[in-house]
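K.L.:
Sequential numbering from 30 applies to the sequence shown in our numbering.
No lab work stands behind these hints, which were simulated from the structure alone.
Built from N, CA and C at the ideal position, the CB exists for glycine as well.
Certain hints may be false.
Computed cross-link-like contacts, SDA-like style, restricted to lysine to any residue with a CA-CA straight-line distance of at most 20 Å [unchecked claim]: (1) K147 to G116; (2) K147 to G73; (3) K132 to L105; (4) K147 to H192; (5) K132 to T169; (6) K147 to E179; (7) K147 to T67; (8) K147 to V189; (9) K132 to F120; (10) K132 to T164.
Cβ-Cβ distance ranges computed for the label pairs, FRET-style [as the list claims (entries may be wrong)]: (11) P118 to S223: 55 to 61 Å; (12) A48 to I201: 32 to 38 Å; (13) S55 to T164: 20 to 26 Å.
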Amino acid sequence: AGELVLPPMGDNSPARQFARTPYAVSFRTGGATFILTTLHVLFGSIPADREPELRAIAEWLAGWSRSKTSYHRDHLVLGDFNIDRSGDPRFEAFTSTGLMVPKALQNIRTNATGSAAKHYDQIAWFMGGLGMNPTGAAGTIEFEDAVFRELTRSQMSFRVSDHRPLWVEFNIDETPPTLAEALGVDLAAPDPFSVVPD
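Please take these sequences and the hints and turn them into a complete structure.
P.N.:
As structure tokens, then:
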């Protein structure tokens with residue numbers, strides 16, 4: 030796990046950082062290893078002002094995912110990108126380098142309060158090198174009527190959040206060879222998984 034800070038430029042002068050420092054955590058499950066990077070794009074009062082940061086984030090992530098010296102290249106990026114809706118200039122800037130947002134999340138309301146549906150929050154990845162297979166299942170957790178029901182939604186949002194959590198499902202290869210490698214057993218043995226406690 031770590032905070033992502035851009036290295037100095039070629040002339041050793043400091044690089045301009047993102048408005049809010051991204052965080053990344055790597056995970057391994059079965060045969061899949063991936064990095065989750067969480068970001069929060071600066072909102073600002075003018076929506077067009079978000080585009081340069083969204084494009085810079087997309088370009089930086091694309092470079093990281095293509096690097097042959099990266100720890101691993103399966104990247105999922107998630108967070109509050111302050112994108113109003115799919116198809117707007119902010120969404121186009123975010124997906125300009127190949128980041129793919131699952132269809133199930135492209136037009137789903139992600140704000141827990143307010144009368145107009147917003148799509149600020151996103152989950153995306155680069156499809157080409159992803160070692161996991163998205164199932165197509167994705168959505169939000171609509172918690173706002175399940176907690177602090179005695180409060181208005183606005184009051185609840187100050188105690189919990191004004192954003193709904195997003196989720197996406199992947200199919201990870203859990204075949205016997207993958208499990209055998211993960212558990213350190215010999216598939217050639219007569220009953221290789223008998224040594225694994227229940």
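K.L.:
Against this structure, judge whether each hint is valid.
P.N.:
Hint-by-hint comparison with the structure:
Pair hint K147 plus G116 holds up; C-alpha atoms about 13 Å apart against a cutoff of 20 Å. At roughly 16 Å between alpha-carbon atoms, K147 and G73 fall within 20 Å of each other, so this suggested pair holds. Annotation: proposed proximity of K132 to L105 holds, straight-line Cα distance about 15 Å (limit 20 Å). Only pairs whose Cα atoms come within 20 Å are accepted, and K147 paired with H192 is accepted, the gap being roughly 10 Å.
Restraint check: the Cα-Cα separation between K132 and T169 comes to about 13 Å, which is no more than 20 Å; the hinted pair holds. Distance hint between K147 and E179 is unfulfilled; the C-alpha atoms sit about 24 Å from each other, more than 20 Å. With a CA separation close to 19 Å, the supplied pair K147 and T67 stays within the 20 Å bound. The suggested pairing of K147 with V189 holds, with an alpha-carbon distance near 18 Å, which does not exceed 20 Å.
Among the hinted pairs, K132 with F120 is consistent with the structure: their alpha-carbon atoms are about 13 Å apart, no more than 20 Å. The straight-line distance between the Cα atoms of K132 and T164 is roughly 11 Å, inside the 20 Å bound, and the hint therefore holds. Taking the beta carbon of each, P118 and S223 are about 59 Å apart, inside 55 to 61 Å as hinted. Distance hint check for A48 and I201: the Cβ-Cβ separation is about 33 Å, which falls inside the suggested range of 32 to 38 Å.
Distance hint check for S55 and T164: the Cβ-Cβ separation is about 22 Å, which falls inside the suggested range of 20 to 26 Å.
Hint 6 alone, counting from the list given before, is not met by this structure.
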